[in-house]
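Protein chains in written order, with this note's numbering: chain A, 1 to 114; chain B, 1001 to 1114.
Rather than coming from a laboratory, the hints here were simulated on the basis of the structure. In this text, a Cβ means the ideal position worked out from N, Cα and C, and glycines have one as well. Some hints here could point you the wrong way.
In silico lysine-lysine, DSSO-like type, Cα no more than 27 Å apart, as pairs [what the hints assert, rightly or not]:
#1 A:K106 x A:K3
#2 B:K1057 x A:K41
#3 A:K41 x A:K113
#4 A:K41 x B:K1011
#5 A:K41 x A:K17
#6 A:K106 x A:K17
#7 A:K56 x A:K41
#8 A:K56 x A:K3
#9 A:K68 x A:K106
#10 A:K106 x B:K1011
#11 B:K1057 x A:K106
#12 A:K3 x B:K1057
#13 A:K56 x A:K17
#14 B:K1017 x B:K1057
#15 A:K3 x A:K109
#16 A:K41 x B:K1015
#17 B:K1015 x B:K1057
#18 A:K56 x A:K106
The following residues of chain A were derived to be distant from chain B, with all beta-carbon distances above 12 Å [to be verified]:
#19 Y22
#20 N24
#21 T73
#22 H75
Derived contacts from chain A toward chain B, CB cut-off under 8 Å, selection only [what the hints assert, rightly or not]:
#23 R31
#24 L50
#25 F88
#26 G107
So the chains spell out like this:
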Amino acid sequence: ELKVEQNPLFLSMQEGKNYTIYCNYSTTSDRLYWYRQDPGKSLESLFVLLSNGAVKQEGRLMASLDTKARLSTLHITAAVHDLSATYFCAGAPQYGGSQGNLIFGKGTKLSVKP
Amino acid sequence: GAGVSQSPSNKVTEKGKDVELRCDPISGHTALYWYRQSLGQGLEFLIYFQGNSAPDKSGLPSDRFSAERTGGSVSTLTIQRTQQEDSAVYLCASSRGLPGETQYFGPGTRLLVL
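Required output: the full structure, derived from the provided sequences and hints.
Spelled out as structure tokens, the structure:
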């Protein structure tokens, strides 16, 4: 059974600083997703990582995937207040269960302070 | 284009009553998913529809929960004899159904069972 763990669960950053959110998963997952959720809002897709070594970047966010280590990272560069949100990673079970549903981590609540 | 829409946006009901939640996926998306999000349990998969295949109901928490998808488009999630622990945000997502495709989430229905 696929389990997804994120850390940290809470992150308070100063503007301009860099930080990394980690996402570990327990069994083989052939794709890894990152989503953003603002308070009271739904989930917004950020990245889909499909293969070992995949790296994707959008603005100040960069996501990577290491399938051998079963680890994905979301790196934040020079944080700004607008990045304050909760970030979720999610894996897709490869064996058993549904081939379609996602298993989510508990989320990392990011707060960027001036 | 239009995204995933859900109705109602909020629903307050009394314990023991039945509720129906509706999801309109993105046009042309063959895959439709229901998840729920609560403080205690995080984001949980409920049910997955893919085209004309039998739905994957492996995430439904009890037989009080059911869902159908008519005409390959609109889906209704029904909760019978609601309990207080059913209080959560119910999120619907859709995708093109291909491996690695992004799941696009709707705004959710916030359900409160009194």
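**Hint consistency between K41 (chain A) and K1015 (chain B) [alpha-carbon to alpha-carbon, up to 27 Å]** = At roughly 26 Å apart (the allowed maximum being 27 Å), K1015 (chain B) and K41 (chain A) satisfy the hint.
**Asked** Within a Cα-Cα threshold of 27 Å, do K3 (chain A) and K109 (chain A) meet the stated pairing?
**Response** Holds, at about 19 Å.
**Prompt:** Straight-line Cα separation of K41 (chain A) and K1011 (chain B) no greater than 27 Å?
**Reply:** 16 Å, holds
**Agreement of K1057 (chain B) and K106 (chain A) with the hint, judged by alpha carbon distance not exceeding 27 Å** = Distance of about 22 Å is within 27 Å: holds.
**Prompt:** Is the hinted pair K56 (chain A) and K3 (chain A) satisfied, with a Cα-Cα distance of at most 27 Å?
**Reply:** Judged against 27 Å, a Cα distance of about 23 Å means the pair holds.
**Evaluation of the interface hint that places L50 (chain A) against chain B, nearest CB under 8 Å** = Holds. Min distance 5 Å.
**Asked** Is the straight-line distance between the alpha-carbon of K1015 (chain B) and that of K1057 (chain B) 27 Å or less?
**Response** Holds, because 24 Å separates the two Cα atoms, which is no more than 27 Å.
**Prompt:** Keeping to a limit of 27 Å between CA atoms, is the pair of K41 (chain A) and K17 (chain A) held or broken?
**Reply:** 26 Å, holds
**Prompt:** With d taken as the least Cβ-Cβ distance between N24 (chain A) and chain B, does d exceed 12 Å?
**Reply:** Holds: least Cβ distance 16 Å, greater than 12 Å.
**Message:** Less than 8 Å between beta-carbons is the criterion; does G107 (chain A) satisfy it with respect to chain B?
**Reply:** Where the cut-off is 8 Å and the nearest Cβ of chain B is about 7 Å from G107 (chain A), the hint holds.
**Asked** Is K41 (chain A) within 27 Å of K113 (chain A), Cα to Cα?
**Response** 21 Å, holds
**Message:** Under 8 Å is the threshold here; is the Cβ of F88 (chain A) close enough to any Cβ of chain B for the hint to stand?
**Reply:** Interface hint status for F88 (chain A): holds (7 Å vs cutoff 8 Å).
The structure fails none of the hints (numbered hints given earlier).
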